[in-house]
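Asker: Produce the entire structure from the sequences given, and follow the hints as far as they go.
These are the residues of each chain, in order.
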Amino acid sequence: MSRKLNYKDAINEALSQEMARDEKVIVIGLDVAGGRGTQGVMDAWGGVLGVTKGLYAKYGDRVMDTPISESAYIGSAVGAAACGMRPVVEMMFADFLGVCFDQLMNQAAKFRYMFGGTAETPVVCRMMYGGGFRGAAQHSQCLYSIFAHIPGLKVVLPSTPAEAKGLLIQSIRDNDPVIFMEHKALYAMKGEVPEESYTIPFGQANIVREGKDVTIVALGRMVHMATQAAASLAKAGIECEVIDPRTISPLDTATIIKSVEKTGRLVVVDESHPRASMAGDISSVVAQEAFGSLKGAIKLVTAPHTPVPFSDVLEDLYLPNAAKIEAAVKAII
Amino acid sequence: MTSQLKKEDLLRAYRTMREIREFEDRLHIEFATGKIPGFVHLYSGEEAVATGVCMHLTDEDRISSTHRGHGHCIAKGVDIHGMMAEIYGKKTGTCGGKGGSMHIADLEKGMMGANGIVGAGPPLICGAALAAKFKGNGGVGVAFFGDGASNQGTILESMNLASVWKLPVIFLNENNGYAESTGVSYNVPTPNIADRAAGFGMPGVTVDGNDFFAVYEAAGEAIRRARAGEGPTLLECKTQRYFGHFEGDAMTYRPNGESQNLRKTKDCLKIFAEKAIAAGLVTAAELEAIDKEVLALIEDSVVKALAAPKPTAADLLTGVYVSY
Chain V
18 MSRKLNYKDA INEALSQEMA RDEKVIVIGL DVAGGRGTQG VMDAWGGVLG
68 VTKGLYAKYG DRVMDTPISE SAYIGSAVGA AACGMRPVVE MMFADFLGVC
118 FDQLMNQAAK FRYMFGGTAE TPVVCRMMYG GGFRGAAQHS QCLYSIFAHI
168 PGLKVVLPST PAEAKGLLIQ SIRDNDPVIF MEHKALYAMK GEVPEESYTI
218 PFGQANIVRE GKDVTIVALG RMVHMATQAA ASLAKAGIEC EVIDPRTISP
268 LDTATIIKSV EKTGRLVVVD ESHPRASMAG DISSVVAQEA FGSLKGAIKL
318 VTAPHTPVPF SDVLEDLYLP NAAKIEAAVK AII
Chain E
2 MTSQLKKEDL LRAYRTMREI REFEDRLHIE FATGKIPGFV HLYSGEEAVA
52 TGVCMHLTDE DRISSTHRGH GHCIAKGVDI HGMMAEIYGK KTGTCGGKGG
102 SMHIADLEKG MMGANGIVGA GPPLICGAAL AAKFKGNGGV GVAFFGDGAS
152 NQGTILESMN LASVWKLPVI FLNENNGYAE STGVSYNVPT PNIADRAAGF
202 GMPGVTVDGN DFFAVYEAAG EAIRRARAGE GPTLLECKTQ RYFGHFEGDA
252 MTYRPNGESQ NLRKTKDCLK IFAEKAIAAG LVTAAELEAI DKEVLALIED
302 SVVKALAAPK PTAADLLTGV YVSY
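If you read the sequences in order, they're chains V and E.
Taking our numbering, the leading residue of the first sequence gets 18, the next gets one more, and so forth.
Taking our numbering, the leading residue of the second sequence gets 2, the next gets one more, and so forth.
Source of the hints: derived by calculation from the structure; they are not laboratory data.
With a cut-off of at most 30 Å between alpha-carbon atoms, the simulated DSSO-like pairs for lysine-lysine come out as follows:
id, chain 1, residue 1, chain 2, residue 2
1, V, K70, E, K136
2, E, K110, V, K41
3, E, K8, E, K267
4, V, K347, V, K312
5, E, K110, E, K36
6, E, K92, E, K311
7, E, K267, E, K7
8, E, K167, V, K75
9, V, K347, V, K229
10, V, K41, E, K167
11, E, K110, E, K136
12, E, K311, E, K110
13, V, K347, V, K279
14, E, K293, E, K36
15, V, K70, E, K167
16, E, K134, V, K70
17, V, K75, E, K136
18, V, K279, V, K252
19, V, K41, E, K134
20, V, K275, V, K347
21, E, K265, E, K293
22, E, K136, E, K167
23, E, K91, E, K311
24, V, K75, E, K134
25, V, K75, V, K41
26, E, K293, E, K276
27, E, K7, E, K265
28, E, K265, E, K276
29, V, K21, V, K252
30, E, K136, V, K41
Answerer: This is how it looks when you write it as C-alpha cells:
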C-alpha cells in the first residue's frame, strides 16, 4: 500500500517501525523526546525539526534526550552499539560533527578493522545537511565527502521520502556504522511511500531517468535539480540519464561506468565544495575506468570552494541549480 | 586490609599484578631489541589500580582503556599470549596484528579496547553502561583514563551524561603525575581530580593507587553503587609510572632518580606482599612460586610471539565492513 508522505514523516515512520520490530533499537539525541525538564512536558519537539516527534509517546525511555554534548552522546551510541544495541543517534546538523568527530572517525569507523574483525558497531548517525535555508556557514554544509573518505563508515544520501524510509530501515539493520544524511530542504517534500516496512540495499544506484546522450550523476537534493534539467533538455532533444547513487559509501561505480559507456558524457552534480569531493571522486572513477568511452570533458556542477554565504543573493549564486546543470550539459554535448 | 578477600583472592590479585609487572618490564627490554613496531606505552608501577578494580568485574562488565592499556587488558582477563603476539604485529595476536599495543581489545572479555585517542573511552563506556541498563543484566562500565585525559571535554561531557542518565559507570582516573611530560600540578588546578565530581553530582573519591587494598575497597563501593542503580562515581587513584610516556622517552622532564626512588618506596607489589604476609594471609614462599610461574609465562609468550606468523596480504582488506 502506498500513500503520500513527506520526507520527514517517512523517516519518522521508518524509525517507528524499526523500534516496534526490534527492542534493541533506541533513539538518542538532543530534544528527540522533547521537552524533558520543562515543566514535565514531554514529546513537545521530537528533535529540532520534529523528525522524531511522537516516538517518545510510543516507546518511552527508548527515546533518550541528551545534554548538548555531542562527543558524549554520539560516543555513547557507538559504545552501546558495540555492546549489542542498535542506536539511532541524531547529530542535528552535519556542521556539528567537528565537536565529536573522533567518536565517528577513530572509534566507530575503526573498531572492526583495528580489533581484527571481532567488533560490530551497528550505529546509525542521522543528521541534517545542505543549503537553501539561509542558514549560513555553520548550518548549511554538506560534508559527506569527509565521511565517505573514511573506511569503515557507510554514507547514505536519500533523495526522496520513499528512499529515505527504505534506506533508513536498511541503515538500522546494517551491522556497520552508517552516516545517514537528510537534506533539510527535502523534509517537506511529499512522495509515494509504501506503508509496510521495506529496505533499499546499499551500493545500488537508482537510475532515475534513462537517456542516451549524457550521464548526470547527482547526489541527494541535487537529484531533483538534475531531473528538472533533464526534463528541460529533453525538450531540446537532449536525453540525459540521471543517476542517484543513494549511497556514496559504498558507491555503485558499476552503474555509473555502464551509463557513461552508453552516453559517452558525464556531468556530476554535488552541492558540496569541489576540492577533494564526491564530485571529484566520481569523475576520477570514470576517468580511470571509462576514459575510452568519453566523447568530451567531464563537467562538475558544484558549489564554489567557499563557505556557504548567508545573504539570499549570495546563497542562490552559491548553490547548484537546474540552469547550471543545463548549461554544463550543453557545454559538453 | 579488607576482610572480604580470601587467600585464593589474594593470590589471584598478586598473580595479576605480577603478570602485568613482568609483561611490562619484559616489553621494556624487548622494545630495545627493535623487533617491536610502533609505539609502546608501559603501565609498570600502576598494577594495583587495574587489578584492584577488575577483581570486582565479570566478563559481562565492560572497561575502556587508554594508550597505556596492557595492565587493564591483563587484569580484565585478556590472553597474554594473544597480547604479546599483537604487540609484535603477528597474525596470532588478539586483533590479528591490525591493532598493536594501543588497540588491544577482547569484547568477549568485556575489554572494549586500549585507545590511541586521549579521552575517547568514557563516552564509549557510557554506551556500554547504557546497553547494560537496557539489557537489565546488572553490568557496569569502567572507563580508565589518566590525569592528562581528565582535561578532555569528552570526559567532562561523559560525567555529566552518566549522571543525567544515572548510568552504571565508574570513571576511574589513574593519576600517575604526568600527562606525557607535563606535570599534573600544572595541568589540574585542584588538589584532587576527584574534586571535579561535585560539579557533576556524583561522589568523588581519591585513594592511594599504590595500595591494592585501598583501590579494591573504593572500587568495590563504586561498583556496588553502580550495580544498585545509584549512578556513576569518579574514583581517582594516585599512582606513578616507572617508565616514560612511551618507550624511547628519555624522561628528561623527571627529577633524577625519581623512578628508582618510587620503585623503592611506592611499589604496589612490595606493599601488597608486606601487608598480606604480615596479616598472615599468604606466605612469602607462595608469592615466590607465583613469581616463577609468571616469569615462565612471559618468557613463553615472547618466544611464541617471535615465532608466530605475520599477517598476509589477504588480511589487508578484511574486517573493514561486516558485509563485504
